[in-house]
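Engineer: Here is how the chains run, residue by residue.
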Amino acid sequence: MTMPMLTRRALLKGGACALAAVAAPPRFLARAALAADARRKVLVAVFQRGAVDGLSMVVPYGDRDYAGARASIAIRAPQAGDAGAAVDLDGFFGLHPALAPLAALWQSRTLAVVHACGSPDTTRSHFDAQDYMESGTPGVKSTPDGWLARAAVTQPSPTSPFRAVALGPTLPRALRGDAGAISLASLDRFDVRATSEAAAARQGFESLYAQSVHDLLHGTGRETFEAVRMLKRANASRLAPANNAEYPRSRLGQSLRQIAQLIRADVGLEIAFTDADGWDTHVGQGAEQGQLAARLRDFGASLTAFTQDLGDRMSDVIVLTMSEFGRTVAENGNRGTDHGHATAMLLLGGGVRGGKVYGRWPGLARERLYEGRDLAVTTDFRALFAEVAGRQLGIANPVSLFPGWTGGPQLGVLS
Amino acid sequence: MSIRLVTVLLALCVLASGASAHAATPTPPADDAAIVHALSRLAFGARPGDIERVKAIGLAAWIERQLEPRRLDDRAVERTLATLPSLPMSIAELHKEYPRLPARDKSADPQMTPRALYERPPPEKRPIRIVAEMQAARLVRAIESERQLEEVMVDFWFNHFNVHAAKGEVKWYLTSYERDVIRPHALGRFGDLLRGTATHPAMLFYLDNWLSTRPDFTPRFGPNRGKRAGLNENYARELMELHTLGVDGGYTQKDVTEVARAFTGWTIDRPRDAARFVFRPLVHDRGEKTILGLRISAGGGQGDGERVLSLLLHHPATARFIATKLVRRFVSDEPPPALVERVAATFRATEGDIKAMLRALVASPEFWAPEARRAKIKKPFEYVASAVRAVGGHVDARAGFALARYAAEMGEGLYGAQPPTGYPDRAEAWVNAGALLARMNFALALTQGRLPGVTLDLSPLAVDRGAPDAALERLLVALLHGEASAPTRAVLTAQLTNPEIRRQTPDDRGPADTDVEKLAALVIGSPEFQRR
Numbered sequence: 001m002t003m004p005m006l007t008r009r010a011l012l013k014g015g016a017c018a019l020a021a022v023a024a025p026p027r028f029l030a031r032a033a034l035a036a037d038a039r040r041k042v043l044v045a046v047f048q049r050g051a052v053d054g055l056s057m058v059v060p061y062g063d064r065d066y067a068g069a070r071a072s073i074a075i076r077a078p079q080a081g082d083a084g085a086a087v088d089l090d091g092f093f094g095l096h097p098a099l100a101p102l103a104a105l106w107q108s109r110t111l112a113v114v115h116a117c118g119s120p121d122t123t124r125s126h127f128d129a130q131d132y133m134e135s136g137t138p139g140v141k142s143t144p145d146g147w148l149a150r151a152a153v154t155q156p157s158p159t160s161p162f163r164a165v166a167l168g169p170t171l172p173r174a175l176r177g178d179a180g181a182i183s184l185a186s187l188d189r190f191d192v193r194a195t196s197e198a199a200a201a202r203q204g205f206e207s208l209y210a211q212s213v214h215d216l217l218h219g220t221g222r223e224t225f226e227a228v229r230m231l232k233r234a235n236a237s238r239l240a241p242a243n244n245a246e247y248p249r250s251r252l253g254q255s256l257r258q259i260a261q262l263i264r265a266d267v268g269l270e271i272a273f274t275d276a277d278g279w280d281t282h283v284g285q286g287a288e289q290g291q292l293a294a295r296l297r298d299f300g301a302s303l304t305a306f307t308q309d310l311g312d313r314m315s316d317v318i319v320l321t322m323s324e325f326g327r328t329v330a331e332n333g334n335r336g337t338d339h340g341h342a343t344a345m346l347l348l349g350g351g352v353r354g355g356k357v358y359g360r361w362p363g364l365a366r367e368r369l370y371e372g373r374d375l376a377v378t379t380d381f382r383a384l385f386a387e388v389a390g391r392q393l394g395i396a397n398p399v400s401l402f403p404g405w406t407g408g409p410q411l412g413v414l415s
Numbered sequence: 001m002s003i004r005l006v007t008v009l010l011a012l013c014v015l016a017s018g019a020s021a022h023a024a025t026p027t028p029p030a031d032d033a034a035i036v037h038a039l040s041r042l043a044f045g046a047r048p049g050d051i052e053r054v055k056a057i058g059l060a061a062w063i064e065r066q067l068e069p070r071r072l073d074d075r076a077v078e079r080t081l082a083t084l085p086s087l088p089m090s091i092a093e094l095h096k097e098y099p100r101l102p103a104r105d106k107s108a109d110p111q112m113t114p115r116a117l118y119e120r121p122p123p124e125k126r127p128i129r130i131v132a133e134m135q136a137a138r139l140v141r142a143i144e145s146e147r148q149l150e151e152v153m154v155d156f157w158f159n160h161f162n163v164h165a166a167k168g169e170v171k172w173y174l175t176s177y178e179r180d181v182i183r184p185h186a187l188g189r190f191g192d193l194l195r196g197t198a199t200h201p202a203m204l205f206y207l208d209n210w211l212s213t214r215p216d217f218t219p220r221f222g223p224n225r226g227k228r229a230g231l232n233e234n235y236a237r238e239l240m241e242l243h244t245l246g247v248d249g250g251y252t253q254k255d256v257t258e259v260a261r262a263f264t265g266w267t268i269d270r271p272r273d274a275a276r277f278v279f280r281p282l283v284h285d286r287g288e289k290t291i292l293g294l295r296i297s298a299g300g301g302q303g304d305g306e307r308v309l310s311l312l313l314h315h316p317a318t319a320r321f322i323a324t325k326l327v328r329r330f331v332s333d334e335p336p337p338a339l340v341e342r343v344a345a346t347f348r349a350t351e352g353d354i355k356a357m358l359r360a361l362v363a364s365p366e367f368w369a370p371e372a373r374r375a376k377i378k379k380p381f382e383y384v385a386s387a388v389r390a391v392g393g394h395v396d397a398r399a400g401f402a403l404a405r406y407a408a409e410m411g412e413g414l415y416g417a418q419p420p421t422g423y424p425d426r427a428e429a430w431v432n433a434g435a436l437l438a439r440m441n442f443a444l445a446l447t448q449g450r451l452p453g454v455t456l457d458l459s460p461l462a463v464d465r466g467a468p469d470a471a472l473e474r475l476l477v478a479l480l481h482g483e484a485s486a487p488t489r490a491v492l493t494a495q496l497t498n499p500e501i502r503r504q505t506p507d508d509r510g511p512a513d514t515d516v517e518k519l520a521a522l523v524i525g526s527p528e529f530q531r532r
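Sequence order for the protein chains is A and B. Anchor point for the first sequence: position 240 equals 240 in this note's numbering, and the numbering is continuous, going up by one each time. Anchor point for the second sequence: position 242 equals 242 in this note's numbering, and the numbering is continuous, going up by one each time.
Calculated from the structure, these hints are not laboratory results. Glycine residues also receive a C-beta, built at the ideal position from the N, C-alpha and C atoms.
Facing chain B, from chain A, some residues (calculated, C-beta under 7 Å): (1) L171; (2) A185; (3) L208; (4) N332; (5) N334.
The following block holds chain A by itself, in its conformation from the complex (with noise of 0.2 Å):
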């Protein structure tokens, strides 16, 4: 299982000396060799809550019918000297003006898009398909575990308390299981605090925890400890945002900057998760500006503060976003979308064979459409993920990640 992880390695430091004998490689790849042993490779999954209407995030402009099913919501085909339109990408798509910061990733192609990705289960319930999302197992309820703590117990390496995190109040479902993952919503708020000798009580609650008790409560309590102290010792909190980058007040903007500390603190990070919530909109959903274009704006930022300040270390670094369904391909009576099929994923990082729309377009034409309301699903979600963990968390057989599934084609979304 360390095989291939050495084996890329190698290639990382390979590929950097052979680009030295040309020109002068870029500093980041430089670095990235150098550095490549004490550094990990680190996951960031984005979950985007309430089912995202993917045909706003990444517009289908292209589709002769788009702008038809969407009277009042449809975002405006790409023109020059139009900044409020969509931001064109290959001719077909543009991405929502409102992520028009992430453009400049796609121009370095180190943003890709996965198009009419989805679950091949059918439900249009939020709560079971974030439960089959996370689980990885569309259909089945009953897996006790999610597929990022199945992917994080795959790896035999030294094992860090910080190895799998989530950002936020509630360990994520796609965590749950042995991976040891921990979750917490500031990173400054995370030790025991007392008036006075708050040491005295550390350790008293520590020792409470620390009896070889296997359940959920003293699992989690010894896991807790362990992350306290490496904490801080690394002390990751104090790290100011780098390179001018800029995060928004918003919970995703606060998560993945804590995200980018506990990476540049080389805490050793290899899986991080985080959610951003409010797209859910049935009413008022808007087009170029409005209710989703906040939503998006926001995530857009975030992104692009995240990647600003992690710099050449996102040489390291994938961050992967996914949403339940998708929404409906016409709009509603209140301007809004319902519940939908399938959706976008967007891809950015290190490794990735950016700007290219990845995945099979189905078409928008009524016969074209899942049940004659949403987009279909081409490209299965298991097949990005596996192949996003197999490559960047070195799987060697990232299927297995996925009980029930015998694997996909490759997409091809990484280098």
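Following the hints, put chain B in place on chain A, whose structure we already have.
Structural biologist: For chain B alone, kept in the frame of chain A given last:
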């Protein structure tokens, strides 16, 4: 003695009669451990002296009293709540007292941003204050009210019929939603909750039904003049998935669309003022509908939605779904199927009589079974309330605000669950590193007297300060009712040699002084106290 026995027997007869004839009713145990268990499930934990009080009236009689909350004197808590002025207000009054944006009068700088304008009124006049007062009231009631089971059920049903305070107009409707719909029926009939929520502005707004119209409707005047409106499926789907049938209840996407059609016209009159339910025939889809195989003929008007509610109320999947959730709340994260079936049968036999279902629950051996004891991890709200109760704390409204913030830090911001599922009722949702630390920090803040508005007298627990072993024993009895595990006991005993817990006098000769406050925090932060 014999009089008390008769009382108990009588009470048991009442219990049995309500529990329907599906199972022979076993006698609930009435030992101290059973009382502790009942207080941890049917109330927010035991206060000092509660075990003796319950014993005095008998456990079965205590349960019966809890099932009739109107007969319990709760004037003390009402006096505390009277300091929260928004609680009795109508929706119209709330709009007036906590305006969404104050008018731009002459004193306002025309350059003021909406945010600055919003912050012009003092904090106690801003709309967010409505939610803060609701949160405070919930904590005050959970800690101080005599009507404990009612409070447990208000929490349960609000969560079942969740609305999110931060969505648009909901915060002005929230007070009425809980006060006028959830609380009056929390121990009543499920059908009243179903109909009450379906017609309350809070639910109509939260799940968007107020905007749903027949597909071909085009308003002839107003801001959306000339723009075609149409169906919105949001409420229809969650009504079946989350309020009644459950996601596996056997409905299809077609059913969702048909139910949405049935509820067109169920909307809100004057949403930014008095906000009342109104049926508007003009936007209602008059056509025929077929829902779960039942044909609803054309022209039914408001009756369409009412028929749907009745159909769902009487559907066996609903009985099963509600029974499962009740058993999960009161017995175990993994509801025993036989018990679910019995409670579901009670639902069917009584048309969703909540008291009857609760009687069936407490009459079941599963409720009292050893494996059910301390089997549930307390939700943050339950943890905070039970901790304050356990140490005999009393709270005013100010404490309610502070305690709500602690519960939020542990992951349960009251009225803050954004998805219509509400908050989960399973351990793994609440046990994680950050939340566990937040619980420990709360325990320290509580026992060290750092919570504003919490009146706490730990002196009865600290009479043995000079004798550390006795002090610890007293704490274990008071807070864990002697149910500390051997390892926990050993760890806490070892703490007694910690110089920061057992402080010697400067000359090292005088009696030891035990830091009972910190020791109590350790007990409240211990694994055992996270369970109920």
